[in-house]
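Residues in the first sequence are numbered consecutively from 4, following the numbering used here.
Keep in mind the hints are simulated off the structure, nothing from the lab.
Every value quoted in this text rests on a predicted model; they were computed, and no experiment measured them.
You may find that some hints are simply not true.
[As the list claims (entries may be wrong)] DSS-like mimics (lysine-lysine), calculated; alpha carbons at most 25 Å apart, straight line: (1) 1096 - 1168; (2) 1160 - 1139; (3) 302 - 349; (4) 40 - 22; (5) 1284 - 1308; (6) 750 - 211; (7) 321 - 302; (8) 1139 - 1284; (9) 1096 - 1160; (10) 792 - 755; (11) 1152 - 1168; (12) 723 - 212; (13) 117 - 22; (14) 792 - 212; (15) 211 - 755; (16) 40 - 349; (17) 246 - 342; (18) 340 - 246.
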Amino acid sequence: MFSKVNDAEFITGEHTVLKFWNERHIFQKLRAKNAGKQPWSFLDGPITANNPMGVHHAWGRTYKDSFQRYWAMNGRDLRYQNGFDCQGLWVEVEVEKQLGLGAKSAIEEFGIDKFVQECKRRVLKYAAIQTEQSVRLGYWMEWDSPEELRKLASAIGTETPVTLTTPKGITETAPAEALVSRLGNPDWGGSYFTFSTENNETIWTFLKKCFERGKVYRGHDVMPWSGRGGSAYSQMEVADGRKLTTHRALFVRFPLLDDAGQETNENLLIWTTTPWTLTSNVAAMINPELDYVKLQSKKDGLVYYFAKDNLEFQRLAKEFKEGFGRPEWQWPKGTPKLKTLSQIFKESGGYEVLDTVKGEALVGRQYRGPFDELAAQKDPRGEWQPAPSQNIAADKDTDELAIANLDRLDLFCESLGIAIDESNIQQVLLPEDLKKLAKDTLARLSQHLKCHQAGIFRQEVPEFSTLQQAQLFFKNLGYRSNILEEFYLNYERSRNDHSADLSKMVLTKLHEFLEELPAQLYRNKWRTAAEQHRVIDGGRDFKGTPNVVAGEGTGIVHCAPGCGDIDHHIGLQWGLPVLAPLQGDGTFKSTFGPFTGKNAVHPETVQLVIDSLKEKGLLVAEEKYPHIYPFCWRTGDELVFRLVDEWFINMDWRDEIMGVTKQIQWLPDSIQGQEREVEWLTNMRDWMISKKRYWGLALPIWEDPETGDFEVIGSLAELKERALDGGEGWNDFQGHTPHKPWIDGVKIRNPKTGNLMTRVEDVGNPWLDAGIVSFSTMGYNTHPDMWKKWYPADLVTECFPGQFRNWFYSLLSMATMMDGTPPFKTLLGHRLVMNEQGQPMHKSDGTAIWFEEAAEQIGVDAMRWMYLQQNPASDLRFGTRHPEEKVTLETVNGPTNTTIDGVPTCKVTSGPADEVRRQVLIPLWNSYAFFVNYARLDEFDPNAAVVPVAERPEIDRWLLSNLQALIQQVRAGFEAFDTPAACAALARFIDDLSNWYIRRNRRRFWRSKDTGDLDKRAAYQTLYETLLTLTKLMAPMTPFLAERMYGNLTSGQPNAPESVHLCDYPTADESLLDASLNRRMSLAQTVVRVAHKLREVADQRVRQPLAELRFATLSAEDLISISSLKEVIADELNVKAVSGFESLGHIVKYTYKPNLKTLGPKYGKLLNAFREELPKLPSDLLEGLRRGQTINATVGGEAVTIGPDDVLIGADQAEGWVAGDESGIQVALSTTLTPELVKEGMARDFIRHIQQARKDANLEIQQRITVDYQTSEPIVAEMLKEWSDLISSETLANEITPASGLSGKPVQVGEAEVIITIK
RNA sequence: GGGCGUGUAGCUCAGUUGGUUAGAGCGCAGCCCUGAUAAGGCUGAGGUCCGUGGUUCGAAUCCACGCACGCCCA
């Protein structure tokens, strides 16, 4: 017997279901049921275990859970392993805050070991929290018990043994560190933690493979650096610490040199706010498109170049008046307004503008640097770390440019693609040949440069389109030979002067140039900074705006590749030497003469720079310059940019990764994931895998401090062997996880030198941790059979913006290196969760919605449906958090007014969730409630003899047929990872069920209980079957609601599985699928829809019966189809008669329009004539078309043949009828009312009002009443004479009596006003 | 600067190989239905289909150029 169903109360219902699952161990039963069957492999992307979950995490987790539930119901075996991302700076930052540690040195004082244990503790704490939240979402995974995780968290860092019970029921007793290092291993079960030893060790395996292929190398990068903090900062941290400050800014001249290397009286004028960086100057950057003035100072006759716009530019004029964008950032008192350059030169004796040139003209000019006397400037290599030399060799081999012996000019020409020999060299002079020569030369230059690029410069080589462009490129590269110039001049001359000698000269110079080019390029590598000072193109940033602009400076920017981010990038592009002046503590290195040991940002250092420049006569002017500058948010010190050593993986095997990428299905299609990933792979740089921090993967790189030799170790076993074989420190390390600081004590012997090798200090990039999981979590090293079973994953899913270069990238590249295969078959990406206005939600302004706030206010089923129905390619506008409205949440553990992390809980509203409830969940629930509540009254027995479907009424067969179609659609949706399609199909079906089937069939359920007729039983059985199937279909999507409905529908059914999630997923019964029935019903629904519209037009409410509806169709078949459903139509529309006609010509005026789609191809240009003339053809002729005949007519003066398909027929207004049409079906509705019809309409109104009154009075369905009414209209009594029996039986009224003195609001019965009361 | 994508109703978005009167949901206005329904249905108002030019009998759709926005890259 079913339990009575009341309001849905979705959220408390979810709580009940959670308890039910828990108490009955449903998840465990599901796993047992499918154990050992065909696997379906899902690989979870690790969630950062550093904060509680927000609603944005729930989207992906809903996909993950729904697909797993779907495949489990299809009998597949699953791993159910969740993942936590545990290592990295994000954890360190939070732990530092928590412990009040201000700087890197503070961490070291605190103790790296204790710090690392704190990081583990935090991760375990949040893993426990996220586990609880995920359980609330209904996310079925093999979860570790949150209590066990908390137990480990509190014990970490102590030696006391702890007893851990794992999800697979194994108990182990050991110190927490040892237990934690093994979390997630296949024997224990439970979530994987990327800090586990297996995860870290598998990354070692990967890095070893990279090393064996010669891909690991040491390079460098320039990072924001805090001297006192002793650490590099991320962009985010930098943004936090910005402050307004005043620097001593300098205008400095760099004397330009002539071709012979002698100083001229011309100078570049540069400007800097960081004087200390001048010590490491290498180049000067200009913007080639900008105009530069050539200005002569009257004081000493020196000539200066700087941006023309800067001469009169009022620098910081706006900031002087308005400040720097924040109220507290006003122009500092005592700092004078900035002078224009014009003013500065006027004050020192005046100036004269000699000329204006484009920046392009300066490119390649050499100059004398401001601190060339320093040893660092004379070091031939600077800090440049060449890429592995074998790469350069390899690239040289691919240089296909055949530089043949000059004696065989013909061969050379041939290599350039010009067929010619020396005997007819005259032909070279033909303009076409010159053109071709120029074109081919440029192409060859591009190709040639690309071949020699590696290890020398990084600038992308364009396909040169002009010789000037090529020349400029070479100048940027510091190419100093004049051969190119000569070639260029000869080429220009030969275009006008066709002589064989000149022609030969062109080819000779070209040959010489190409021959010399590599030597020139490689020579640059060994030139000192002092020898290489030159003007270069400053390039553009990622937005395409030039790095160098006129305005604040001089339009010439001094470039110190070891001291600035842009400088570094541009420097690498053009192959400049990199001078790194600073040590880790922010002081100068020993190669910087008088600066050695001085702090870069100390005022004394600035003074020293100024004094030195003055002495050399290079200081043009000095000023106080206020600006926003980054400071260390911990120490308050000014940040500097510092060159740091980093470790890289050379990604020159990108083609292999692309090959793997292309074997994967990337969803959704519209996002072009594969193309994006391939594009990223095409453009990406080498992978920087190191980070100068404490908590993370210990990079398994051991270095010989003397020679710089390094080795990558592939496993702890290998390390142990090496450490015990002549190394040291293994015994002290043993018993600890391979993290800093413990691992750092292990040393190995360099077989080449016999020196001890020490591990590099760095930790790893955290994307290594996440990228290895397709190997580590499936046991690649330790459980190879298991790995073979589960690899590759059938699905991974993740929020995609950003992941193409993060997780997806690391998964793909690591799998390519490890196994050469795709780590997953399908990737389903989804976009971001936004607020209702489409804006991002922020933690800081209180608009971020926490998971539990949404779960306990919106309901998890509604949330899940929202995610699943959302197009994954679009942002989801989830809802709004109202930070000012605090609320108390009723959770499964009782009321709370804070989130799991202690934030006060606030009101959350969501339009989309309301809609889901209104359109899907409530109609479904109401359908279910309708069934259950009538079935209870009727004592319907689900086990009663089944009425064969074939014997059930057509509408039952229609519903069941539609249900089979639905099963197919939902299955197809899941299998294509297209949940929106599945949701849409379900929503449509639920609408049909509720608003068509149930509404149409209500009366079949009302008949008194002892009737016991087959028709009624058929109705119950049809609806029961449908609802039960729906619960199974929806179980993966709305697991709670489905479980509740299923539980009640199957109560007292001993053979039914105890949970909907233990059922098999429904399979369509094709024998019940009746496409023609579905089509017929859909036609009838069309007729009904049109007729409803017509009632609207005629202003006739549905309760008013009408005499007749007539319809006509294009095909006889449709006419029969609709006729078969006449009763349905009549009843639905409240008309007395429904009749089908071949033509409605007698009551309807037909309109004919040309079907352009079919006529277009046949008659093309006549179409306009068709449009005009066809409707005007004689109506008897056109009528033939309606009967399916082909007619001949004259259109546009031409004889044409028109078939029935060539016209579109519509129905227009007629007299006494209203008429309309849709999709070829014409419908006419009689509007003439007889007194009988009017009275019947009144009766229906009367019933309706009584029913409303019953409802308002909350009467039970079966309760009987008496009715009083009062009216001044005699027609009411007349109506009742005829209709009181019906009214009484419909409303369970014992009597209907006229009365007087009734109070209450009169209601409309037909035209009459009546007061009706019930009791 | 290069590549990719997007531009359709107040908002969010569909729109098939080019075809007639460009659709849906939300919101707004009105009406209707309802003894399962705190739901639902219908109608209406609301459109320079980003702009310009081209191809075509016919363009939201195809092509070219431009504009705006987004993403990726350097």
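query: Which of the numbered hints are not met once you compare them with the structure shown?
result: 1, 2, 4, 7, 9, 10, 11, 13 and 16
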